[in-house]
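Novice: Here's the letter readout for the chains.
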Amino acid sequence: MTVGIETRSKQAGEAGHWGAEIRSDVHVRIEPRDRGGIDIELESRVKPYYGEAIRRQAEEVIEALGVRHAQVTIHDEGALPFVIAARIEAAARRAGLGEGTRVLPDRLPLPEPSARDRMRRSRLYVPGSEPKYFINAALHGADGVILDLEDSVHPTEKDAARLLVRNALRGVDFLQCERMVRINQLPLGLDDLEEIIPESPDLILIPKVESPHQVVDASQKIAEIKANYGITRPIWLMPILESAQGMEKAYEIATASEEIAALTIGLEDYTADLGVVKTPGGAESLFARQRMVNAAHAASVQTIDSVFGDVGDIDGLRTWALNSRAMGFEGMGCVHPLQITVIHQAFAPTSAEIEKAQKIVAAFHEAQQKGLGVVSLGSKMIDAPVVQRALKLMARAQAMGLV
Amino acid sequence: MAILEKMELVLNEAGRKVPEMVNGHAQVPYLGVGKLQPRGCKAAPPIRTAADYPESGDKRVADLETALRKCGLRDGMVISSHHHLRDGDRVALMALEAASRIGVKNLTWFPSASFPSQKSAIELMASGVIDHIEGSMNGPLGDYCTQGKMRGMGVLRSHGGRWQAIQDGEVHIDVAVIAAPTADSFGNCDGSHGKSACGSLGFALADSTYADHVIAVTDTLVPFPCVPWQIQGNNVDCVVEVDSIGDPAKIVSGTTQITRSPDRLRIAEFVARFLRDAGIMRDGFSFQAGAGGIALAFVSYLKQVMKESGVKARFVRGGSTKYLVELLEEGLTDYILDGQTFDLDGVRSIANNPRHLATSPFTSYNYHGKGNFASMVDAVVLGATEVDANFNANVVTHSDGRLLHGIGGWQNCLAAKCTILAVPSFRDRIPVIVDQVTTLSGPGELIDVVVTERGIAINPLRPDLMDAVKGSKLPIRPLLEIKKEVERICGGKPQRPRLGDRPVAIVKWVDGTVLDSVWQVS
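Residue numbers (the working numbering), protein chains in the order written: chain L, 1 to 403; chain X, 1001 to 1522.
In isolation and in its complexed conformation, chain L is listed as follows (with noise of 0.2 Å):
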């Protein structure tokens, strides 16, 4: 919405989804009035057990936005407090109103700072816009849940969403998962990152990164905020390349900054791109894929492939996944919690692998002990490559609690 200046009192402001389909959501509309204070009016499925407690709330967040006279319509589908706030500040913004103040629900204590190579096998998307997705996002049992304020938030809510994730992130208990959001395409991704990066989110994706500048831009931008709020965790970076340019530009990118963390893909993009057709086996996006692999370990950080969209296909979905561990990918995203177990299965080694590198290692022990130069199994000797990626499988299964 679209106000000009000269209008802005007088405009009103709306924000949030109501309907008999709709759950978890709230619609808020602010009318600014020169007088007569605040006056609220609310419809609520839950009123019965919450109209006291949703009354209240409106009324705290109204008046820390410093609005003084308006007519505010509530119409509540379910919502939860931290959902309430959001709305209700997106509706007073948009009505010219509150501009610069931060309603923020309270904080819930944050989970140990993320590291660098944690394992990122799955990372479920959830759409910024859609706040009934936030509550049981983490209970699925991904390794990351990011937040999306781009591709599934249609351009008219961006503002609104960025208020909501900034709430969830504060206000829900995402678990064992690493909290990721995924901005938009700078630059309007850096006002993005304006609210998101005081509440410290352990990871923050960037879409459609074809140059090393524009991580150079995130991640300033990142420093000063987190330097402006005394933020001393890390923040990690994952760039999501998505184009020819940026695959030509893959090792650049993943060695633009200290911060990143993972390098991953976008194919729905970089077919488009290409101007060819994404198909199930993927071999338009062979290269693609080969070549982010082989920069993102060049740079010694992880990578990540793309999603598999067609939730109903579950077969596809594995064949995709394990295809993309024997490519050298560590994880996938998630559309759907349903895909999960299956990507977990899919990277997780398997028992004879398990067992093989088991007898690797045993006998690299051995030989250590022994003082032994050279490691040998049976008849067969073992180079220290090979050594090497026995006790990176060995530490993956355990962290997959395999072994």
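Hint data in this document are derived by calculation from the structure and do not stem from the laboratory.
A few of these clues could be false.
Said to hold, decoys possible - Derived list of chain X stretches under chain L, where covered just means 3 residues or more per stretch with a C-beta under 8 Å from a C-beta of chain L:
(1) 1261-1267
(2) 1419-1432
(3) 1492-1501
Nothing here was measured: the structure is a model prediction, and the numbers come from that model.
We put the beta carbon where it would ideally sit given N, CA and C, even for glycine.
Given chain L, work out where chain X should sit, using these hints.
Specialist: For chain X alone, coordinates are given in the frame of chain L:
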């Protein structure tokens, strides 16, 4: 009637306020599980003689009005119907409208369950043809009742409780109207065949044996004999042929759908893993699950787990669906014992597979019998709208006091060896685990496990189950801990909705005592 009398309320053994008189009948307040000792003999219909019925066996009459007149329907009588055609049923309304046309008033309508498509019964209540409904009510009929508009008081019973009430003479049915997907002119009825096939007719069995008069209404009349005769023609007075007894699209669903909600799938998976980890799922075991989204997904997960473990069930209890039929056809269970048939695969199976058997509330649920199947089932998976810290549960009303569900077989199933409530921890913003349930439908001492998407709580009265799952990776947690977590998410405990002080319906326990009241809401 009753509401004009001064309503005396007493506290029953569960601490709930219940009326002592309902629709002019004295009631026994709930005494506790297994405490009521019934005395006396079962009720029985009058003795008839074959001399009064045609030797040809042809009991057809022209229409329902003729049949109702012939059966002597008068003011104030009890007329019954059944819900084996579910929301597609046309026969119950046809019968009530025919009763209206012949000018009778103040009937007690005694359905085994009512459905939203029967909402025009409201007009018949407004015009005085129906005094009140004794049977489950939801949707518009439920609202009519909870708004206090019904003249008499509603009486909600379980499927087993309905049998018990008929058998014990608590409810005397004057005229039973049975919708028959197939029938012959003698009155033998079968549910598995015909254009309106629905599977089992078990809900109508008690009415056919205890009612004074029985009318069979069919849209598929076959020459004698109609087999299998789920309802015996020897109990039937008249047969009426009509164009259609129901809307096939609403009788059974084409395919019953598994939920796609990740949270509900997670609950279903937890239940299946619980049965495995607790050692309940072993060769020769048995279970029952309904046709709700979580229950269907549970069956599908359990099937995987059974296959992985190489375990077979001896029997499963329906509500049958495609998913139970698959278990039967793949040899993962020896039998389906089916109370009602929910989808086309179920109907096909019950018609063709001798190991898929129709049961009745007598065999499955009746508490005043020499035992019943329900207590022999190893595990049952049920839903609920609310559960309290002591595992007491509500399945009848919304948290705001409006009628939501019938009791169905829910109360009867609590007798299973392991009773599991599979419920989300909150709906919209409304917590499911509460301080006090709005309407007590089942005592917590019979509810063993509550499975939510945030964890599994075992009733402290079942330390054996707690021991059985030691070492399991499942998130076993105290119910109160889950409750607190959900209250934090929802922004504190909900306000208690304000209920009226006038009971509009009662909830019967399986032995006919009064477990709780449903209160008028504004």
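Novice: Next step is simple, just say for each hint if it's right about the structure.
Specialist: For each hint, the structure was consulted:
Under a criterion of three residues with beta carbons nearer than 8 Å to beta carbons of chain L, the stated coverage of the segment 1261-1267 of chain X is upheld, 4 such residues being counted. Counting residues of the segment 1419-1432 of chain X whose C-beta sits closer than 8 Å to any C-beta of chain L gives 4, which meets the bar of three, so the coverage hint holds. With 5 residues bearing a CB less than 8 Å from a CB of chain L, the segment 1492-1501 of chain X meets the requirement of three and the coverage assertion stands.
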